[in-house]
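Trainee: Chains as they are written, first to last, in the numbering used here: chain A, 1 to 542; chain B, 543 to 907.
There's no promise every hint is true.
[Stated by the list, open to error] Below, a list of computed lysine to aspartate or glutamate pairs in the EDC-like style, where the Cα atoms sit at most 20 Å apart: (1) B:Lys547 with A:Asp503; (2) B:Lys609 with B:Asp750; (3) B:Lys677 with A:Asp266.
Rather than coming from a laboratory, the hints here were simulated on the basis of the structure.
In this text the structure is predicted, and so the values were computed from the model without any measurement.
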Amino acid sequence: MLNVFRKWFGKGGGKKTGNHEGQNNKGNQQSQKDQPIYDIKFRNIKLTRNLQDNITNIKNAMNNNFDIKTKEFRLRGQEMRAAVIYIQSVANEDTILQHIVNPLMIESSLIIDKDDPILFKTIIESMVTAEYVKVVESLDEIIFAIMSGDTFLCIQGYDKGFIISTRKYVGRQVGEPILEPSVQGSQESFTETIKDNIGLIRRRLRDPNLVFNVHKLGRRTQSEVVVIYIKDIANQNIVDEVIRRISSLDIEGVHNAAQLGLHITDSPNSIFPLFQVTERPDRTVRGLMEGRVAILVEGGSRALLVPVTLPLQVQSVDDYYENWIVGSILRISRYVGLFISSFLPAIYIAITSHHPGMLPTILVLTIAGSRAGMPFPGFLEAILMEVTIAMLQEASIRLPRVVGQTVSIVGGLVIGQAAVQAGIVGPIMVIITALTAIGSFTIPDYSLSLATRAIRIPFMVLAATLGIFGVSMGMLLMLIYIADLKSFGVRYIRPLSPYRSSDLKQTLISSKERSMVDRPIFLNPGDKQKQSNAKRGDGDGQ
Amino acid sequence: MDNEKLTPSQIFVIAVFSILGVDILVVPHDMVSLADQDAWISLLLGGVLLFLGAIPFLYLLNLYPDKDLPQIILQVAGKWIGRILFLPIIVFVIMYAAMSTRLFAQALKLFLVDKTPLWILVISLVVVAAYMVYKDVFTLGAVLDILFPITIVSLLILVVLSLQNIQLDRIKPILFRNTKNVIKAILPGYYHFAGFGAISYFMRFVSDRKSAYKSYLLGLGVPVFFYVITTVICIMVFGVPPLKVIVYPTLNLSKSIEFEAAILDRLESFMAVFWISMVFSSLAIFYYASVRNLSEFFSIPNQYRTYVIWAHILILPIIALIPPSSIIVFELHEKVKYVEVLIGFFIFPIITAWAVIKKKREMKQ
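The following block holds chain B by itself, in its conformation from the complex (with noise of 0.2 Å):
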């Protein structure tokens, strides 16, 4: 029909893949290196984190029911300011696509497809990426709302499966004489969670806000879920000192796994075959946030888009290419998630008050 919406289980999956993604090859690793085996501690506790930060956030876009996230900050913040506040937001969005699209392309060569060069596979993902925001946004939730199970049913699998390698006695001793750390790398895991603003470009085409905003707080859960129980497995199967050395061990994790009736040797590459759907998914997403925040940035108007989605071909693919080793991509991927920090905790408070003010102002008028 043509006033066609977003359903609220929609958002549910937009709110899912905002988060997960390709962080979820790399958080065990991440994490451990920092809490030790307490590691899934921080991360549940960065994980409430999560939440505290996506209330007050939902309150913000419930202020602008009709806008995004670009439209709400040149509304509130003025052309200029807003523009400054903006800023971070932009970079944040880019770096994070053209990084994980990265990570992800050096994942896929290692475990899937060892003799195809990574620029391929880094346009490649950035193509099919433009196509799906090229169509509207309804095409992108039906897309989604078909990846989905795809990508939570292998990740169940993995899970499962893995249940036979644990050892319990490796994630022993819980929070002995680790405390410093665990609290430590709070803020780290919050970092993983990052994204969860990525909603904020979709809630304006949502039909029920109300459900919209149950099923938004419920899929942020999904990941959360997903981060903690693949680290606390990680740790029972491998074990701390390895997880410190292996760069990702989620998928080395399927690697471990065998079958006895060896149907499936590699599960690895199955694997990774299917997470290709799960990181296009968050690719998408923050493909398409990227490209509502240059058009709004530039007062691009609407008729000109598609040329902002042409532009983001060759923008993502260099700066994801540009890092020549990949030392250098995990540390830009971490450097990214300090952004993360200033828009989550300066930028996102600042508009939210000021929006608060001017909305009160305008009712006293």
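Same shape as in the complex, but just chain A (with noise of 0.2 Å):
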């Protein structure tokens, strides 16, 4: 009987040890993994009760840099010592005085007798007027304090310390939206600093269930990245995957929510952008209401969205600011834009050069005329004109605004221009490559503007090669691909397939804002319902 009890005691107290340590082992390794470097060489070192040794220790470690300033100074005017350290380019040097120095110095005086002994409690409570005051003791959690901005307060005689938040980030105000203008929309974009940006998103959304998750990232740059959504609207799959992709993640440095988003997609060969990358706080705010995750990222003065869907992708805000018919047109010219630009020089070139019968006589007759006496085939022309194209855009970007005047002069004249007087390109391609870049211009989003860059020169050879059969398959080909693509889970064509007339209503064309009573379900949110289904009285008949 003992042997028994012993024997499966034993067991399983062993094997509740044994699984015990092993978590423990495993969640070391994890954090060790997760730790910035300078975490594991600080972690163990503590503070001692001498100032001086405190303050050599942590300028050092921070390799006495010229811009990490010490104020040393006495409390009260008595024998207590004590110092600030701060980095002056990143701290408040104002907010340091008024708030840390002066109370500690001089106004203490004032609350408490002479002869009473200064308490730690005393400090935080009483003295420090700063906004948010912690104590610590370890090394690693000061100088990171330090480096983001606040201001270490250290007394002799403990070996405690405080952290009191001082950040002061230089940074621009709130701007106008340059890569997604819209004509009703708000005119405010995300700048760089992370707190203005959740300052911007509050604002329009005074939901209590907007949760707000904080990780830091980044093996040197320890930036923060917050991951925000509605906790009943949006999936919890899909706010789980987000998480644990992110915390998961194990990097030198993000200082970008583009570049985030490469790291947590779900395929990094595609070429089409599975995560949306906004400026505009008004869409986050839209897509954190369709059930979406947005990712801010420290320094970086754009909102991530996920997941997205290609439907999602050519979006505008404008578009639920217009009547549902005029914000319908606006939608599917957009469609056909994105389908010109990837596919007409392609189309083009097949017509023309393997299937002239297609086309009406009067036009073909129209278009061989125009290319009597060119020099190079169709094919040759539009490579030409697409790498032009191309290099104007990039040259457009790089170039500083005060010189910009050139590349339209030079691009316009002479490309358009004298190519055609030269006899070099024909004017139909002109017109082709013209409309393929107006179409580019079209989408809203920029990265999937350049992928439909990125497709029209395989397609164009798809087209010299087997004419219309082989850009055919090659669409083919391309819809397989996409179809097969997912972000976070969502495919990237829904919800094209599969079919629900009412998701399609929201997001392929424009609906009535009014009628649009449920959300879109293929992001399966929690809370179904937009609004009430009641009807609405045509405006103030009460």
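Using the supplied hints, reconstruct the complex from the two chains, each of which is provided in its own coordinate frame.
Mentor: Now the structure itself:
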């Protein structure tokens, strides 16, 4: 009996401790991997009771850089020595003087009698007037805080210190959106400061269910990455997946939403962007309300919206500010733009060089007439123009704005007029190239517009070799490729397939804002209904 | 999400494309050769026969909801008899896929790309279909979803535009001293709806079985409608005697349409382009079915499925390119349909009856 008991107990106990140890080990490894490099070095260094030692330790840890400032002073003019350490370039020196040094040195004498000892608790509770104070004792925390712009307050005789928030980042004001301009939408865009960006979102979405999930990312940059979602709308699986991918990342640094997107995307080789990068707070809020997850990165002026699907990338905020008929036309024109920008040169090459019979006779004659005496075949002409346009686009981005005018003059005059007159390129080819470029400008998503540029040339090759049959085969291949792509578990092609009329109404075309009662369900939202189903009056009848 | 399913709307589309394929190019010619101006009646009755075959078939699928056709047959009829019964299905699926590819490639060569060699057309179609099958079933469903409206709209455009050329009296007299031929042509009409069994490879991925069955039966109606309507219109546009000579009447039908505005001079090239997606869809379905067939027949485990797909890239073009002339292709395309009779009237009923008896015995135990 006893034997059995012992056996059972021993086995059970052993198993338990074994498991426990295993978990512990795992946990340690995990945390070691995620920690920044200075953490591993400094985690075990604790503060000492000697003020001078602490200062030297901290300064040494940060390589005694010139902008690390220390100010030593005496509390209430007494024997008690104290010091603040901060980095001049990221900390707000006014705050430090007004809310830390001044109260401790001078004002404290008004509160506390000369003979009373100054307690650790009194300092936090009745002396320091800064917004946030935290007690710390190990060097890794202190160094990270100082690096972020906070101030470390250390007092002689204590092996603990305070971190007091005094961050001040140099940043720009909220500006206008440059990449995603809109006619009717708000004219604000994200800045590089994460605090301001969160404010821009909060102001538009006063929902207590809005969740901000903060992560630190980057071994060296230690950037703050904030995952934002609305708890009762966003699908929990998607949220978990996003958080899992972000927290399992082990990279050196991250400073931009798009860069983070490339790290956490489903298929890194996809030429189609599987995440949406936006600079518009209103679009971010709209995405959140659709049940998507937004990610902000400290130092990046863009938000990342996931999951994304192709029809969502063709939407623009303006669609929602117009009557649904006009909005649908706008959106359809963008689909046409997407199609033209990807396939028009290929179709032109295929038809002119392989199937001239597909065009009306008069048009064929016109094209043939204009191409008479041209030295190059259509395919070469198209490639030539394509390369030129690609270079022009790139040049107009890279060129300093002061000399930016040159590009448009050189591009417009030389390429357009002169090339035709010199007989290098046919006039119709110029029209095709221009249409292609204009088509690519109608796509609201910059990365998607770049993707169409990437697929254009392979399609031109297919057209030149196999004619319109080759183009169709290429389109089928691309369709299969797109249909297989997934963005955080959601198919990139949804909701084009599977059909669901209410989803299609809201995404493919635009729909009456009033009648859009249900949220698009392809993101599996929690709270399915957007607004009440009740009929609304035609205005203020009451 | 992880547990992805095919929706009933996707089953509808798969059902449409499992029948609607290259046959639409040749249906009017084949049927008119047999039953003159009443060909469409035989075709319609063949459609009724299709539904009569499809309903018991659904019953069989319902008995084994998480299995596809090869698995059901091997489960019901055992390892050896099952394989023997299974053999005609394998042959039919491969031959059907290969012959429809060849037929369509020939039509393409005639109407679209006259200079490109046949083998390039066949191989490109097969390779793209292989890529399709290489991805999963749900991608297949999504791709067919996108291709579906293109196909249907192009067919509707053809039907509507042809209405300007019709002469109603060409379809008369209806059933005048022709009843015998009409009845004789019902079975060949039914052959053109071969492939209704292809749904059995997809039913196990369905989310909502009840409505999937409904949309499957609804989906079968679409090809019946289009085959009958194209036949009727071809008869009314061309008349019976020319139809017996024209090999690809449906493409010729689009050739006969002339726009006053002359925007599109050669509509048949455009139709040929649009129908690439149609033929590709049915090829992809049968490609998938054949991969499943061979994997089950030779008990190839799932991780080697890719090699079965690669093997088909070799097998299908070889079978498709073996017939030296287009006449032999037409004959073979017809003969493949006889296997369909064997499958539809013998193998499926045997398996269904066997399965029912087996299930009842299991219930008793």
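Trainee: Against each hint, give a clear statement of whether it holds in the structure.
Mentor: Structure-based check of all given hints:
With a C-alpha separation of about 18 Å, the suggested pairing of Lys547 of chain B with Asp503 of chain A holds against the 20 Å cut-off. Between the alpha carbons of Lys609 of chain B and Asp750 of chain B the distance comes to roughly 15 Å, so the proposed pair stays at or under 20 Å and holds. In summary, the hint linking Lys677 of chain B to Asp266 of chain A is supported, as the alpha carbons are separated by about 16 Å, within the 20 Å threshold.
When held up to the earlier numbered hints, the structure conflicts with none and fits them all.
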